[in-house]
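*Asks:* Sequence:
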Amino acid sequence: VKDVSASAWRDPRFVQVWGPRGAVYVVPSRDVAVFTLGRSPRNPVLATAVRAAAEKAKRAFRNRQAQPERFVSNRAAGVNFRELRIASMTGTLRIEWDGATTSWRLVEPPTEAAEPARLELARRFLRSVGPSTPQEFAWWSGGWAGSYGASTRGELSDAQQTFRSLEKELTEVEVAGRKQWALRTDRVRLERAVPVETVRLLPAGDPFLASADRALLVPQPRFRSELWPNSVWPGALLVNGDLVGTWRRQVGRVTVRGWRPLEPEVREAFEEEVSRMPIESVTKEVRWSTGHGPL
13 VKDVSASAWR DPRFVQVWGP RGAVYVVPSR DVAVFTLGRS PRNPVLATAV
63 RAAAEKAKRA FRNRQAQPER FVSNRAAGVN FRELRIASMT GTLRIEWDGA
113 TTSWRLVEPP TEAAEPARLE LARRFLRSVG PSTPQEFAWW SGGWAGSYGA
163 STRGELSDAQ QTFRSLEKEL TEVEVAGRKQ WALRTDRVRL ERAVPVETVR
213 LLPAGDPFLA SADRALLVPQ PRFRSELWPN SVWPGALLVN GDLVGTWRRQ
263 VGRVTVRGWR PLEPEVREAF EEEVSRMPIE SVTKEVRWST GHGPL
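According to our numbering, the sequence shown is numbered sequentially starting from 13.
Errors might be hidden in some of the hints.
Here are the simulated EDC-like cross-link-like pairs (lysine to aspartate or glutamate), alpha carbons at most 16 Å apart as the crow flies [stated by the list, open to error]:
(1) LYS191 - ASP225
(2) LYS296 - GLU285
(3) LYS191 - GLU179
(4) LYS296 - GLU280
(5) LYS70 - GLU120
(6) LYS180 - GLU132
(7) LYS296 - GLU283
(8) LYS191 - GLU148
(9) LYS296 - GLU284
(10) LYS70 - GLU95
(11) LYS180 - ASP198
(12) LYS68 - GLU95
Everything labelled a hint here was simulated from the structure, so no lab data went into it.
Predicted model, so just to flag it, every value in this text is computed and none were measured.
With the hints as extra help, turn the sequences into a complete structure.
*Replies:* Structural data, given as structure tokens:
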């Protein structure tokens, strides 16, 4: 991504939605239905619960005399985060998160039908992550567990139905001995794919890390527990398609922990990326460490 400033998300052509895995997504305004209605459940009982959460949010906003065009905090609206997250599947809420605070406002829902949005969300998922399964799509797209826990049976049933509806667009492939599915239009490109030579600091929650199959990304259990702890997640070091460590930032200091010795040019590339971070600090420092202390 080139020529993108830290404030690019404020461009009126984009909106923020609370999307898959409880994450805040910045999407083109024309794609709101895909990331909201596309996650709505087919099950009548669950669909009723989603509508009820949306109606509760609307009543709370009105009771607080919140002006529809203004953003208010969930506390000011009188609705908890889980209810707002579920209500957001109707497309009637907008979220604004600036990294420190989260605010909401009411909007008119998308006019598109839900079913085409569900299928398009699955296409976007497969195009982004590559070969996958209904189980992994359910884990990623679900709205009930948020960032935590396993998929519900309703979410898995929806994901399976979505893959059946896309059957003519999918092709079966094998990844690490497991049967998975990819878009037919992507198969040739996937078969001809070559490793990408790049060095990047991935932020915590990056889509590359949002995989139900964490063992495929990080085979070593002790490194998986370091990258996905029960507390606040760190970012990850990506070198030529492989995850090789973690990083955390505190003010101007970035602490980087490699899981293997890193070549000087790789460390230099990481340090260069840190130098470009929009950190409001007089100094920027990179500290390299292992589990036993500084490198």
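*Asks:* Determine for every hint whether it applies to the structure shown.
*Replies:* Evaluation of the provided hints:
1. LYS191 - ASP225: holds (13 Å)
2. LYS296 - GLU285: Holds, because 11 Å separates the two Cα atoms, which is no more than 16 Å.
3. LYS191 - GLU179: holds (15 Å)
4. LYS296 - GLU280: holds (14 Å)
5. LYS70 - GLU120: Holds - the C-alpha atoms of GLU120 and LYS70 are around 11 Å apart, at most 16 Å.
6. LYS180 - GLU132: Status holds; Cα separation ~14 Å.
7. LYS296 - GLU283: holds (10 Å)
8. LYS191 - GLU148: holds (12 Å)
9. LYS296 - GLU284: holds (11 Å)
10. LYS70 - GLU95: The hint holds at about 11 Å.
11. LYS180 - ASP198: holds (13 Å)
12. LYS68 - GLU95: holds (8 Å)
Of the numbered hints given earlier, the model fails none.
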